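One letter stands for each residue in the lines below.
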Amino acid sequence: MSTADLPLPDDLRQEILTLAGSEHRPRAASVSALRLVQARFRWISDRHLAEVAQLLNMSTADLDGVATYFNLLFRKPVGQHVFMICDSVCCWIMGCKDLSDHLCKKLNIRPGETTPDGAITLLPIVCLGHCDRAPVMLFDETVHEDVDTAALDRLIAEAQETPR
Amino acid sequence: MNSLSERPLTAMIDLAGPPPDCAAYGNAGGWQGTRKALKTLTPDEVISMVTRSRLRGRGGAGFPTGLKWSTVPKDPASKRRKYLVANADEMEPGTFKDRILMEGNPLQLVEGMLLAGYAIQASHGIIFLRGEYFLAHQRLQHAIDEARHLGWLGENILGTGFSFDIDLHSSGGRYICGEATALLTALEGSRAVPRGKLPPSQISGLWGAPSVVNNVETLCNISHIVTHGPEWFDGLGTGADSGTKLYGVSGRVCRPGFWELPMGTPLRDLIEVHAGGMKSGYALRALLPGGASTPFVDAADIDIPMDYDSIKKVGGRLGTGMAILLDDRTCPVGMLRNLEHFFAQESCGWCTPCRDGLPWVERLLDALEDGTGTEDDIEQLMRHARILGSPGRTFCAHAPGAMAPLASGLALFRDDFTAHLTGHGCPLHHAA
Ligand SMILES: Cc1cc2nc3c(=O)[nH]c(=O)nc-3n(C[C@H](O)[C@H](O)[C@H](O)COP(=O)(O)O)c2cc1C
Ligand code: SF4
Ligand code: FES
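So the sequences go chain by chain: X and R.
When we follow the working numbering, the leftmost residue of the first sequence carries the number 289, and every step to the right adds one.
When we follow the working numbering, the leftmost residue of the second sequence carries the number 39, and every step to the right adds one.
Mixed in with the good hints, there may be bad ones.
[To be verified] Stretch-level coverage of chain R by chain X, calculated; a stretch enters the list once three of its residues show a Cβ under 8 Å from a Cβ in chain X:
#, region
1, 52 to 65
2, 197 to 210
3, 225 to 232
Since the hints were derived computationally from the structure, they do not count as laboratory data.
None of the values given here were measured: they were computed from a predicted structure.
Backbone N, C-alpha and C fix where the C-beta goes; we use that ideal spot for every residue, glycine too.
With these hints in hand, go ahead and build the complete structure from the sequences.
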């Protein structure tokens with residue numbers, strides 16, 4: 289059984305309850321709670337979703353509506369590292385398509401997919417707010433500006449060497 | 039660094055190092071506005087100062103800030119739940135000004151919120167921050183914690199009886215969350231769908247309580263207006279509008295970036311002086327003056343001040359003031375396809391014309407780029423631009439925003455559209 293099928297750890301449940309208690313209504317903590325789960329497990333499994341819903345006094349369907357609405361919440365497993373390439377207009381002008389093509393070729397996956405060894409997931413992302421330094425990408429939680437294929441190759445090596 | 043009296047927003051910003059802490063912020067002129075307002079001014083006097091400064095919202099719509107605040111019910115903060123929300127969602131492609139302000143001087147936003155909170159007598163402050171701004175999150179949280187520790191936030195600030203604190207909310211990421219009412223829905227833990235505009239949020243907003251939503255840059259101006267006075271602020275602008283503005287330029291220029299300049303700085307100066315002009319081998323064709331949802335302005339029309347009303351005279355909109363440049367070696371049809379892909383993807387799906395119309399527009403542009411487009415497709419695009427572009431046909435301003443570059447682009451780049459028909463696809467073969 290994978291950890292995503294096991295109950296949420298007690299400390300995380302407690303953290304979510306505290307969060308919910310600090311809000312005007314528990315459901316206000318929905319996105320924050322899901323992000324906490326994802327920070328620990330990298331994605332939000334059905335089992336975890338249902339548990340969080342219960343803690344926030346929401347129906348599972350209601351919370352799933354929230355979880356599936358947002359770009360940064362993952363309802364499917366992702367790799368140990370996530371490459372998010374900005375595909376919005378300034379990065380498009382500055383050649384982001386070449387970057388994404390390069391990654392696809394090197395990793396032999398398409399956008400939205402994960403490498404078979406589970407190291408890297410490739411996702412598109414909207415404008416990251418660093419448009420003057422396009423093309424831009426997010427490597428896990430770190431922004432990289434003026435990205436070129438050489439920089440991508442370095443990040444791939446880093447991702448393969450450092451499991452999370 | 040710039041002087042506080044001429045470039046108030048960025049005077050304390052040095053992105054090479056960490057932002058000022060509470061002490062450094064105070065030594066450089068911070069907290070003066072808070073002392074002045076909380077100790078010597080009534081909330082209504084603060085609102086009146088902001089009204090007289092003629093500050094207009096920097097989030098895109100340009101709504102007069104003082105007017106917005108004056109419609110909030112007057113009950114004291116201690117008597118009624120009221121919210122002051124900083125809109126830090128900043129997901130408009132091309133825009134990065136609020137990030138600079140938050141990473142560079144988070145306490146300026148904290149103090150602006152404190153003063154805005156005092157003016158409208160808010161009981162709670164919230165920052166709605168886009169989820170990808172990890173560094174801004176860290177710096178804001180640090181600034182809030184330090185300010186609270188030193189008594190600038192929390193109970194009974196400066197012994198005046200006024201209490202105010204700030205919560206930092208990190209979004210799950212959707213462009214529509216930046217729409218002020220969708221933002222409130224998101225804060226209530228639901229799918230971020232916009233709300234009807236009546237009653238206004240200032241009367242019934244978050245959890246039904248009076249709520250003011252202001253852009254980060256708008257709020258960052260407040261401490262300076264209170265400290266130096268509305269007349270000083272008015273004098274900063276060179277044209278019809280008051281204050282300074284964080285302008286930006288991205289695209290194929292020599293020095294893409296951002297600059298705090300007097301409101302009303304000519305567009306040509308931005309591009310040619312501050313951004314250093316086009317890179318060699320490229321010429322300017324047109325630009326989106328204030329983010330992805332503003333109409334194209336032709337390269338021939340850049341002798342115009344970048345203020346709310348002037349830019350409209352050449353068909354543009356100030357928007358966020360962060361310009362995106364189209365050069366002569368980039369396909370305008372491809373650029374429009376990229377833009378409409380963004381808007382189609384980010385539609386909240388609540389109302390049919392936007393939910394179904396935007397993907398249709400995207401498919402039509404796909405076909406033109408791929409060489410399977412027809413004359414009729416161009417007609418269809420014009421029809422969509424007309425229908426979705428009229429305010430009131432869709433539930434919020436997302437769809438009209440999406441149609442702004444399309445409608446203007448269809449008029450401006452008619453030859454390029456035709457070339458995509460006769461040439462069977464994109465003549466520039468620009469990557470999708
Ligand atoms: C689709 C859409 C997205 C928006 N995104 C933002 C945003 O990211 N930040 C922002 O401040 N305003 C955004 N706005 C404008 C807000 O609705 C609102 O006008 C603004 O936050 C009010 O603040 P201001 O009066 O200080 O400008 C957006 C509007 C629309 C229609
Ligand atoms: S116009 Fe688009 S984004 Fe706005 S409510 Fe309708 S579907 Fe949602
Ligand atoms: S368009 Fe890519 S960072 Fe803004």
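Structure versus earlier hints - violations, ascending order: 1
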